[in-house]
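Student: Model the full structure from these sequences, guided by the hints.
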Amino acid sequence: MSNSKSALRVATDFLHTMARVDPDGLTALLTDDVLINAPYAPTEIPLPRRNVGKEACRVMLHAMMGGIESFEWSELDLHATDDPDLVFGTGSSRVMMKNGHPYGNRYCFKFVIKDEKVQEYHEYFDPALALEAFRKMA
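Numbering (my numbering), first residue to last: 6 to 143.
Source of the hints: derived by calculation from the structure; they are not laboratory data. Keep in mind that a hint or two might mislead.
Unchecked claim - Derived pair list, reagent style DSS-like, types lysine-lysine, alpha-carbon separation capped at 25 Å:
(1) K59 with K122
(2) K141 with K103
(3) K10 with K122
(4) K141 with K59
(5) K119 with K10
What the hints assert, rightly or not - Here are the computed distance ranges between Cβ atoms for each label pair:
(6) Y129 with S75: 18 to 28 Å
(7) P51 with E74: 15 to 25 Å
(8) R99 with E49: 15 to 25 Å
(9) D87 with M142: 36 to 46 Å
(10) D18 with E80: 14 to 24 Å
(11) E121 with P47: 17 to 27 Å
(12) D88 with M142: 22 to 32 Å
(13) D37 with H106: 29 to 39 Å
(14) P89 with D38: 17 to 27 Å
(15) E137 with P89: 35 to 45 Å
Each residue gets a CB set at the ideal place from its N, CA and C atoms; glycine is no exception.
Tutor: Below you can see the structure in the form of structure tokens.
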């Protein structure tokens, strides 16, 4: 169990580590039984929508971040809840892909934190924008 303040700090650290394009740093913030879930990710993108377990998430994070040159969050707005392990939030991304194409999206996040690590990360975004960026990578 976490407290609301520490859960909020862990969620913030996770997103800041993502912005550093650091898949190994992200993996270090995960529990062994982690779930990373992106239910609206387009099926045309060859990454699983649902990733369970630290190793599966590590592989997915490396694949996802492999094409990213730079990443910046804006308008991050995270909120602790009455449940000390739960954090919700929103944010916008500005990404430059290694192929020189920009990508941006708007996100809703849900985090479940356990023992100062991310046990669940749910990410909701506009799949059409993600698909457009993926197609430009090909």
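Student: All hints are to be evaluated individually against the structure, with a verdict given for each.
Tutor: Right, here's what the structure says about each hint:
Our distance criterion of 25 Å between C-alpha atoms is met by K59 and K122, whose separation comes to about 11 Å. At most 25 Å may separate the alpha-carbon atoms for a hinted pair to count; K141 and K103 meet this at roughly 11 Å. Restraint check for K10 and K122: satisfied, since their Cα atoms lie roughly 13 Å apart, inside the 25 Å limit. For the suggested pair K141 and K59, the alpha carbons sit about 29 Å apart, so the restraint of at most 25 Å is broken.
A distance of roughly 13 Å separates the Cα atoms of K119 and K10; the hinted pair therefore holds under the 25 Å criterion. Against the hinted window of 18 to 28 Å, the Cβ-Cβ separation of Y129 and S75 comes to about 23 Å, which satisfies the hint. Separation of P51 from E74 is about 20 Å and conforms to the stated range, judged on CB atoms against 15 to 25 Å. At about 23 Å, the beta-carbon gap between R99 and E49 stays in the expected band of 15 to 25 Å.
Separated by about 41 Å at the C-beta atoms, D87 and M142 satisfy the suggested range of 36 to 46 Å. Separated by about 18 Å at the C-beta atoms, D18 and E80 satisfy the suggested range of 14 to 24 Å. A beta carbon spacing of about 33 Å between E121 and P47 contradicts the range 17 to 27 Å that was offered as a hint. Checked against the given bound of 22 to 32 Å, the beta carbons of D88 and M142, roughly 38 Å apart, lie outside it.
Evaluation of the 29 to 39 Å hint for D37 and H106 yields a pass: the beta carbon distance comes to about 35 Å. The supplied range of 17 to 27 Å is met by P89 and D38, whose beta-carbon atoms lie about 19 Å from each other. Remark: the range hint 35 to 45 Å for E137 to P89 is upheld by a beta-carbon distance near 38 Å.
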